[in-house]
Amino acid sequence: MSTQRAGGGLIDMLVEYIRYRIPPERQADFVPAYARAAKALDAAPECVGYDLSRCVDDSSSHILRIVWTSAEAHLRDFRTGPNFPAFFAEIRPYVNHIEEMRHYTPTEVTSTR
1 MSTQRAGGGL IDMLVEYIRY RIPPERQADF VPAYARAAKA LDAAPECVGY DLSRCVDDSS
61 SHILRIVWTS AEAHLRDFRT GPNFPAFFAE IRPYVNHIEE MRHYTPTEVT STR
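Quick note on numbering: the sequence shown equals residues 1 to 113 in the UniProt record's numbering.
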């Protein structure tokens, strides 16, 4: 699915979902680490947006959603670019707690209010 970029031009978006299971002893540092890592996402032109959510019913369960301009921009440009080292340095302690990481293409079924 393509979407209009602010300022003009179309982009083919890719949505990445990462599901984490964070043990109790690591939970206090998890969100602050992602807040620091988010600075690298904010600086990355490949990243359109992101949000990190914590499960209401299970505080160990978190889902990170990152919207990228394209698969190539994420997998090639961001991962080999200048913002990735700072991003990965903050989230490295949590990589082993990833339960699932997948990439999705948005459909036309969407709404934001």
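Mixed in with the good hints there might be a few duds.
[Claimed, not checked] Estimated spans, in silico, between C-beta atoms of each pair:
no.: 1; residue 1: P85; residue 2: R113; range: 31 to 41 Å
no.: 2; residue 1: V56; residue 2: A33; range: 15 to 25 Å
no.: 3; residue 1: G49; residue 2: A86; range: 14 to 24 Å
no.: 4; residue 1: R26; residue 2: V56; range: 16 to 26 Å
no.: 5; residue 1: T107; residue 2: P82; range: 18 to 28 Å
no.: 6; residue 1: S70; residue 2: S111; range: 30 to 40 Å
no.: 7; residue 1: C55; residue 2: V95; range: 13 to 23 Å
Note that these hints are calculated values from the structure, not bench results.
Cβ atoms here follow ideal geometry from the backbone N, Cα and C, with glycine treated the same way.
So, going through the hints one by one against the coordinates:
no.: 1; hint: P85 with R113: 31 to 41 Å; result: 37 Å, holds
no.: 2; hint: V56 with A33: 15 to 25 Å; result: 21 Å, holds
no.: 3; hint: G49 with A86: 14 to 24 Å; result: 18 Å, holds
no.: 4; hint: R26 with V56: 16 to 26 Å; result: 19 Å, holds
no.: 5; hint: T107 with P82: 18 to 28 Å; result: 32 Å, violated
no.: 6; hint: S70 with S111: 30 to 40 Å; result: 23 Å, violated
no.: 7; hint: C55 with V95: 13 to 23 Å; result: 19 Å, holds
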